[in-house]
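The primary structure of each chain is shown beneath.
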Amino acid sequence: MANHDWLGLKQELPRRRRLLLTAASFLAPLLVWCVLSYVPWVWHPLMHITDAGSVDYFSTGLDVPRATFFQEVAKAQAAGLDVPQGDRVNPPYLPAPHEVVRAFYTAFKTPPRLQDEPWLHQSLGHSIRTIFLGFFFSSLIGLPLGILSGTYRFFAKLQEPFIEFFRYLPAPAFGALCVAILGIEDAPKIAIIVIGTFFQQVLVIANSVRKVDPALIEAAQTLGASKWKLVSRVVIPASITDVYTDMRILLGWAWTYLIVAEVVGTMSGITLFINQQARYRNFDNVYAAIAMIGIIGLTTDIFLAWLGTVLFPWKKKNRKPRTHTLFPLFDPIPLNPPKRKEVQLEAHVAQ
Amino acid sequence: MSPSEIKLPDYRSLAPAVAARFERIRERPVILSVRDLKKSFGANGSTHVVFDHLSLEIHRREFICAVGPSGCGKSTLARIVAGLDEASGGEILLNGESVAGPGPDRGMVFQGYTLFPWLTVKRNVMFGLQMSGKAPSTADTEARQWLDMVGLSKFEESYPHELSGGMKQRVAIARALANNPRILIMDEPFGALDAQTRAQMQNYLLQIWKKVDVTILFITHDLDEAAFLSDRIIVMGVNPGGIREVIENPVPRPRSPAQFISPEFLALKKRLEHHIHPPVEGEPAEKLPMIKLTDAGDEVE
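If you read the protein sequences in the order shown, they are chains A and B.
Counting from 1, one number per residue, gives the positions in the first sequence under my numbering.
Counting from 1001, one number per residue, gives the positions in the second sequence under my numbering.
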């Protein structure tokens, strides 16, 4: 049976296998990390000294390269002196998984070292606010412009050539300008996110709107729709699901600009937290904070995907009742839903 | 015996009842009048003329089918009448008034499925009614009536993707008719359906047409379909393009699939075949230069 083929081309996998593979996609990198961390003879390039022995520049708790350590051991043995003792360890910038997991909890509980430093949740809140405002302002103008540009050749020709040029200018290049114009607080950071998102947004949305089936527009015209009604009642609803997907992707894009934006002016938000923790060599917190960004991003996206199935019921696949629409990411809607049995329906009507 | 060997009546000889019917049709007012229509593609120098001096008059409640080989411009004719394409010359009169651009007075059913996927079946039918400014409650009631007529009341809250191809086209017909158009233009509406569904849809269409005051211009490449549905058939040709013949369909109404083997039907079909696939002298059927790839002993013919 075709169903037993794991590598069937363009073939829908059974649900259980999809879940299994989704889990595997997270577990595989985690497994690599665990092996690196917990299997002592894999990598572990340093020796953590537990007993300095006769070596004068060793001290308990010091990490030294393995080659150096064994040179000293050989020397000490040759001289008949006390041999230093130690364990193989990884460098501090690679904490073990359990340490990072613990940091997820402790990072929130640990008060900042200095009075005016923010807590982790404050840093995260600050970052989310920056992203949200940046994306909001970008969409406020980008969405209508994209729709106009996708609908009318006039607007496409009027704005797209310039936008095509501008989108090649890297947003961080405007950092100094933004600070000069907008100060050092949040305004320049939001501006960087707007610059990074807006131009892509207009082009991507225009493209989705342009893909609307012209036959739908013609059908609407023969039904008496014209001008603005064609746009509001046909072009926009016909492209809304694609535009919604674009917006989801663009929101992810905005996150990638966040770190750059937060360095502009006074460092703030999650970037500030990461930098501080790295300076204190709390690398477990650093990893936890980075992972936190991923988790927030992914959760938002899963939520938005679920919201999409609520907002656009005509896109819902109708084979199964909605039992797991909460996790569309883990159970994606097939791009070409299989045709329903037409015969059954026809028979139904004939009765 | 093949149809060509049977002695068939002249396709132009009409039974008295059929002739009387055409007499009555001719007395009705002209709904659509096409005058000296010209369509050409391309600019200066390399223009390709699809058709020129194409004139045609369609009477109220007449069912006209246009047939022709591909490239004859039958779809182009439909699109120009619907206002979706621009003519290069000539004019279209609807109820004696010149029309340009698409409008709700000329409904259209397309070959592809053009139901709005984001609207339920009922809201699709309501679309045109709302465009003409009807109150939602009125539009709702009327849409239900139309869906009732095409037999899809049970599916009024379904989305188009939940329907079969035939059902989609029935909704499309209801949607176009709900606007109360003077003429319904159908551009190969059943072309994408399988043979069985198509036959069923032809039946549905005739039933609907009987109940509604609407004139139909039906484009098809299926000669059986044209012969089964039409009052008159417009036969179009290529090089030069244009109308070759306008045939009054000799098959009496009401129509039924049993008539597919009636002498009138076969005579009409033969005439249509003659236009669309003219017999080539001396070459009965083209032989493919195929060498035999199988062993003897399993002859298939």
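Worth double-checking, as some hints may not be accurate.
For lysine-lysine, the following PhoX-like pairs were computed, each having C-alpha atoms within a straight-line distance of at most 25 Å [stated by the list, open to error]: (1) Lys1134/B - Lys315/A; (2) Lys1269/B - Lys1210/B; (3) Lys229/A - Lys211/A; (4) Lys211/A - Lys315/A; (5) Lys1269/B - Lys229/A; (6) Lys1154/B - Lys1210/B; (7) Lys1154/B - Lys1211/B; (8) Lys1269/B - Lys1292/B; (9) Lys1134/B - Lys227/A.
These aren't lab readings, by the way, just hints derived from the structure by calculation.
Just so you know, these numbers come straight off a predicted model, no measurement behind them.
How the hints compare with the structure:
Of the pairs offered as hints, the one joining Lys1134/B and Lys315/A is violated, with about 28 Å between alpha carbons and a cut-off of 25 Å exceeded. Taking the CA atoms of Lys1269/B and Lys1210/B, the gap is about 24 Å. The hint holds against a cut of 25 Å. For the suggested pair Lys229/A and Lys211/A, the alpha carbons sit about 18 Å apart, so the restraint of at most 25 Å is met. A hinted pair counts as satisfied when its Cα atoms are at most 25 Å apart, and Lys211/A with Lys315/A qualifies at roughly 17 Å.
For the suggested pair Lys1269/B and Lys229/A, the alpha carbons sit about 45 Å apart, so the restraint of at most 25 Å is broken. Simply put, Lys1154/B and Lys1210/B have alpha-carbon atoms about 23 Å apart, close enough for the 25 Å limit, and the pair holds. Of the pairs offered as hints, the one joining Lys1154/B and Lys1211/B holds, with about 21 Å between alpha carbons and a cut-off of 25 Å not exceeded. For a cut-off of 25 Å, the pair hint linking Lys1269/B to Lys1292/B is broken: about 36 Å separates their Cα positions.
Taken as a hint, the Lys1134/B and Lys227/A pair is honoured in the structure, with Cα atoms around 18 Å apart against an allowance of 25 Å.
In terms of the numbered hints stated before, the structure departs from hints 1, 5 and 8, listed from lowest to highest.
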